[in-house]
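S.K.: Using the hints, put the two standalone chains together into the complex.
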Amino acid sequence: MQIAYREVEGRSPRYWALLGIIGLIALLGLGAAYYMEHHGHIVTGMTNQIVWGMPHVFAVFLIVAASGALNAASIASVFGKSAYKPLARLSGLVAVALLAGGLMVLMLDLGRPDRVIVAATYYNFKSVFAWNVFLYTGFFTFVALYLWTMMDNSVAAYGKYAGFAAFIWRLILTTGTGSIFGFLVAREAYSSALLAPMFIIFSFSYGMAVYLLILIAAYAWTGRPLGDAILHRLGRLLGWFVAAALYFVVVFHMTNLYFTKYHGVERFILVEGGIYTQMFWIGQVLLGSVVPMLILFNGKLRASRGLLVTACLLVVLGGLAQMYVTIIGGQAYPLDIFPGWEERSSFFDGVVHPYHPSLPEFLLGLGGVAVALAIVTIGVKVLRFLPESLADADVDPHAAG
Amino acid sequence: MTDNKTTPVDEGRRRFLTASAAMAGVAVAPGVVLYEIAHGKPADEPASHAVRWGMLIDTNQCQEGCDECVKACGEENGFGHGTRETDSQWIRKVELRDMRTGRTKSLPVMCQHCAEPPCVDVCPTGASFKRPDGIVLVDRHICIGCRYCMMACPYKARSFVHERITDQNPDVPRGIGCVESCTMCVHRVDRDQQPACVEACARAGHGAILFGNLNDPNSEIAKRIAQYSTMELRADLKLNLGVRYQGF
Ligand code: SF4
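Here the protein sequences line up with chains A and B, keeping their order. Under our numbering, the first residue of the first sequence is numbered 22, with each subsequent residue one higher. Under our numbering, the first residue of the second sequence is numbered 1369, with each subsequent residue one higher.
Think of the hints as simulated: they come from the structure by calculation, not from any bench. A virtual CB, placed ideally from N, CA and C, is assigned to each residue, including glycine. All clues given are correct.
Covered by chain A, according to a simulated footprint, are these stretches of chain B (three or more residues, beta-carbon under 8 angstroms):
#1 1457-1468
#2 1492-1503
#3 1519-1532
#4 1539-1546
#5 1595-1605
Isolated chain B (complex conformation) (with noise of 0.2 angstroms):
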C-alpha cells in the first residue's frame, strides 16, 4: 500500500484531472459540473460505512463506438482487450435499440456494487464480498473458483479467469482459476483518484461518467441523483445499486 503522502506526480496529475474536468464540466452543460474529485481515505484507515461509492453514467454523453472506459479499464488492471467468449470483461459497452421506437443508446454496464449483492449471498466461502465504503470485491486468496458468483449475477458483471496469467498490475492482483469482476479501482480509490473508466472518458471529452460519494448530500454524484431522474438496471430486483444511469 503507499503511504498517505502524495508525490509530485500525484499533484501533477490532480492538477490536471482538476483542469480537464473543469473544461469537460463546461464543455458539456455550463452551470453543471459533471465532474468531482473522489475523496479517498488514508490508507492505514480501514473503508467507512459513511461513504458509499457510486458512478452515475450519463447516457446522453455516452458515444456510440467509443470504448474509452473498457480501454482503460484493461490498461489499469492488466488485462487486454481480448474479447473471446472466455476473456475477462470487467467492463462492457452495450449498444441498445428500443424495440418498439428504434431509439438507440450507448452505455457501458460493468460491476454494480450492489448494497445487497447476490454474488455476495450465494458465495460459499466469502471471498465475495462487500466493503463498508459499497465496493464489492473477490478475496482472491479464498475464492475456490466455484463460480455460483458468477451465476448469481443478474448483470453478468463477473468474470472467470481461464487460463494462466502473465504481466500483472501489482495493485490488482489476479489469479487462474478465480473469478474476479470491476473493483470501482478500489486500489486508486484507496488513494484519492477516481477510477480508471471514469478518468479516461473524461479525457475523451464525454465525461459520461461521474464517481463520488452518495452518501454525502453535498456531492456532485449525490446532488445529481436529487435532482434528475436516474434508473438502476433490473430495479425489480431491489438491489440497490451503486451505479445508476440517467438519461433512459
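One chain only, chain A, in its complex shape (with noise of 0.2 angstroms):
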C-alpha cells in the first residue's frame, strides 16, 4: 500500500508561535553559553570535584535517546515490521536532531569551545571520546542515506542495506556513550562493564518517548488523523523498553552490592546520598520506571492519550533523574585514595562533594532540546516526512481494531 507524505504547512499563527518559544529558549541556551565562556565555569556550579555538571546531564540525555530514537525505523526495516513504515521518516529525524541537540551542548561545554576544530584535527585513539566524534558522524551520515533511501524512490532499493547500517551503528553508538563512564576504572560509580548494555536499554525506552510525544504533539497540532492502534502498539513497546532497563538497574546494583569495595557507593546512592537517594527511587524507579509501567501495560490506561503522554513524559523525566544519579551522584561520591583511613584535605578528600547547578548551565541544556526541537519542526516543514494520515485503516490494515 501506498503512503502519501506530505510537508506541514508551516504558516498558521500556532505554527509560528511553537517555532518561536522553541526558537527564544535556544536563543537563551546560546546566550548562557556565551555567558559561561566569557567568564569562565566559575558562573557554574561546576567545581574541581563535580566536573561535568548539568550540560552533561542533558547532552547524554539527548545523546542516547537519539539513538533509541530510531527504533521505529529500525523496526520497520529491520525487523520488517511493515506497520511501522510510516513511522520511520519520522523517526530518522528525531534521532538526528536529537543527537545534534546534544552534541550542541555538549560542544558549548568544553573549556574552550573556540578550540572544538582541534578536536576534530588532532586525536588520540585510545580515548573513547575521539571514537565517539566518529561514532557521531557515522551516526550522522548513515541516518541521513537511510531517509534518503526512504525519500527518493530511485534509490530505494538500498533502504534494507542503510537501515541496518544505521541500526548496526546506533547500538555501537551508545556503547560507546556508556563506555565514556564504563571506562573510568578509578571511578567506583562507573567501574562496570554492564554500563554500555545497559545504556542500550536506556536509550530504547528514552527514544521511545521522546519519539512518542512528537508523534501525538505534531498529528493533533496538524489535525491530522492518528490511529489508536499504532499508538498501542507503541505504547506497549515503551512499556517493555522501561521494564528492561529497570531490570538493568537491578541487576547493575545488585552487582555491584556483590563487590565489598563498591558497598560504600551503593550505600551513598541507595541510602545516604540525600538528593541522589531521592533522584534514584522517587525519580527514577517511580516516577521514571513504575508509574509509567503501570500505566503501559494496562490495555485501558494506556489507550488515553493523556495518560500516554503523562507515561512518557515521566520516562523522560525519569532519564534525566538517571543520568544525574549516574553523572553527579558518580563525581559526588569522593574518591578512595586511602582505603582503610579516613581522609582529610584541602582539596574536599573524603568527603561528599555539593553540586548547586547554576541558571546558565540548565539553560544551555534546555537549549539543546530547543535545538533538537526546532530542527524537527522546521525539517516537517521542509520535507516529507509525515504521512497525511496515520488512520488504522491507513496505515495497516490488517492489525486495525
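M.R.: Printed below as a string of C-alpha cells:
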C-alpha cells in the first residue's frame, strides 16, 4: 500500500508561535553558553570535584535518546514490520535532531569551545571520546543515507542496507556513550562493563518516549489523523523497554552489592545520598519506571492519550533523573585514595562533594533540547517526513482494531 | 628556554642546595643522604627514555600541619593559595587517620606521573601526554577543556581553570578553560634544578621528598626504593606511578 507523505503547512500562527518559543529557548541557551565562555566555568556550579555538571546530564540524555529514537525505523526496516514503515522517516529525523542538540550542549560546555576544530583534527585513538567523534559523524551519515533511501524512489532499493547500517551503528554509538563512563576505572560508581548494555536499553526507552511525544504532538497540532492501534502498539513497546531498563538497573546494583569494594558507593546512591538517593528512588524508579509501567501495561489506561503522554513525559523525567544520579552522583561520592584511612584535605578529599547547578548551565541544557525540537519542527515543514494520515485503516488494515 | 650555561645565580643556588641537602641528610638520619641533585638535560636535547623522573615521599618525615610544599608550588607555578572548590590545587596535604587504630599520617598528594596514565588514555585530542622521561603534562594549546582526564584520574590530581588568569609565571603557561596539574616543575628539571616542593620541604628542614631518576640504579631514589619498602597509591590499578610513598 502506498503511503502519502506531505510537509506540514507551517503557516498557521500556532506553527510560528511554536517555532518562536523553541527559538527563544535556543537563544537563551546560546546566550548562557556565551556567558559561561566569557566568564569561565566559575559562573556554573561545576568545580574541580564535580567536573561534569548539568550540561552533561542533558547532553548525554539527548545523545542516548537519539539512538533510541531510531527504534521505529529499525523495527520497520531491520525487522521487516510493515506497520512501522510510515513511522520511519520521522524516527530518523528525531534521531538526527536529538543527536545534534546533545552535541551542541557538549561542545558549548567545553572549557575552550573555540577550539572545537582541534577536536576534529587531533585524535588520540585510545580515547573513547575520540571514537565518539567518529561514532557521531557516522550516525549522522548513516541516518541521512537511510532517510534518503526512504524519500527518493530511485535509491529505495538500498533502503534495507542503509537501515541495517544505521541500526548497527546506533548500537555501537550507545555502547560508546556508555563506555565513556565504563572506562573510568578509578570511579567506583562507573567501573562496570554493564554500563554499555545498560545505556543501550536506556536509549530504547528514552528515545521511544521522546519519539511518541513528538509524534502525538505533531499529529494533534496539524489535525492529521493518528490511529489508536499504532499508539497502542508503540505504548506497549515502550512499556517493555521501561521494564527492561529497570531490570538492568536492578542487576547493576545487585552485582555491585556483591563486591565489597562497591558497598560504599552503593550505600551512598541507594540509602544515604540525600538528593541522589531521592532522585534514584523517586525520580528514576518510581516516577520514571513504575508509574509509566502501570500505565503502559494496562490496555485501558494506555488507551487514554492523556495518560500515554503522561507516561512518556515521566519516562523522560526519569531519564534525566537517572543521568543526574549517574553523572553527578558518581562524582559526588569521594574517591577512595587511601582505603582504610579517613581522609581530610584542603582539596575536599574524603567528603561528599556538593553541587549546586547554576541557571546558565540549566539554560544551556534546555537550549540543546530546543535546538533538537527546532530541527524537527523545521524539518517536517521543508521535507516530507510525516504521512498525511496515520489512521489505523491507512497504516495497516489487517492490524487495525 | 634558557641556554645551557649556568649563571652565577644558578651557581649560588646550587651551592645552597648542596649545602642544605648535606644538612638535611645529617639532620634526618646520619648516613642516609635524603637529597640529591637531579641531573637534567641540556635544553636543546629532547627528553629521553633513559631517564624516568620520580619522587619518593617519606611519610615519617612529613609533618602534620606543614604546607611548605603546597605554598612553594603555588608561588612557583603562579597560582594563589585559594582553597575554594574551583581553585587550582596541584598539590595538597592530606591528613589521614587509620580507621582501626587511630594512627595519623600527613602527606602531600600531587599528580603521580603514572607510567600508564589514565588521563592520557582518555584525552580526545592528545593534549594530555607523557614525556619520554615520565613526566605527564597537558599541552595548553590543544586542550579543549573537556575535563575527561579529571574524571579519569584516580588521584584527583587535576584542576580546571575556572576563571581568567592574570600574573602568570612565563615559564608556566596557564589559561582559562584548560586543565592543568603538577608538572614536576618540568621547567626547573630541564634546567637541572629540583621541583619547587622538594626544595621547600628541604628548606623547612623536613627533607621528606626525594626527587631523582628512577631508572638510574645508582641514584639515591632508586637505591632507597630498592632498600626500603615503599608503596604506590591505589596500587591495585597497576599504573606504575612515578611518585612513591615510604613509611606506611
Ligand atoms: S596521577 Fe592523574 S593526572 Fe597524574 S598521570 Fe596519573 S592519571 Fe594523569
